[in-house]
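With numbering that gives the first Met the number 0 applied, the sequence shown corresponds to residues 0 to 113, in that order.
For the record, the hints were derived by calculation from the structure and aren't laboratory data. Fair warning: there could be bad hints in the mix.
[As the list claims (entries may be wrong)] Estimated spans, in silico, between C-beta atoms of each pair:
id, residue 1, residue 2, range
1, Pro11, Asn58, 27 to 33 angstroms
2, Asp67, Pro45, 15 to 21 angstroms
3, Gly32, Asp65, 20 to 26 angstroms
4, Lys31, Arg10, 35 to 41 angstroms
5, Lys16, Ser51, 18 to 24 angstroms
6, Gly32, Thr91, 32 to 38 angstroms
7, Ala60, Leu1, 34 to 40 angstroms
8, Leu100, Lys31, 37 to 43 angstroms
9, Leu1, Ser73, 30 to 36 angstroms
10, Gly15, Gly81, 21 to 27 angstroms
All C-beta atoms in this analysis are idealised placements derived from N, C-alpha and C, irrespective of residue type, glycine included.
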Amino acid sequence: MLRSRIKLFYRPDGLGKPDSLAKKLQIKTVNKGSGKSGIVIVNPQPWFASLSNLNVKVNGASYNLDADMIAPFSSQTWWLPGKRSLKSFSGTVTVTLVNDLGARISESYDVPHH
């Protein structure tokens, strides 16, 4: 059985093209009082960011998190499994997006802890 998924977005003429969408995402860490930590991705642009993969490397451990779409001018939080504290964070976040042509574009970020 063949399954296909098509996403259709209407983009007004004056909006332009999301040529460097992956480079302009903002990545932050966040901590809950219960000892959980996560990654916040902020999309400060007028385009949807369609993530196909999200990998977090923290202090030698690697986590593949469920990718999702981030709406324009919004943010999304991904929590690391278990009680992982990022207070002594050392690592990178790699985001892979799907562009308008269906190609995958990856960008890695060194994330400062807060």
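Handout entry: Structure-inconsistent hints, enumerated in ascending order
Key = 1, 6, 10
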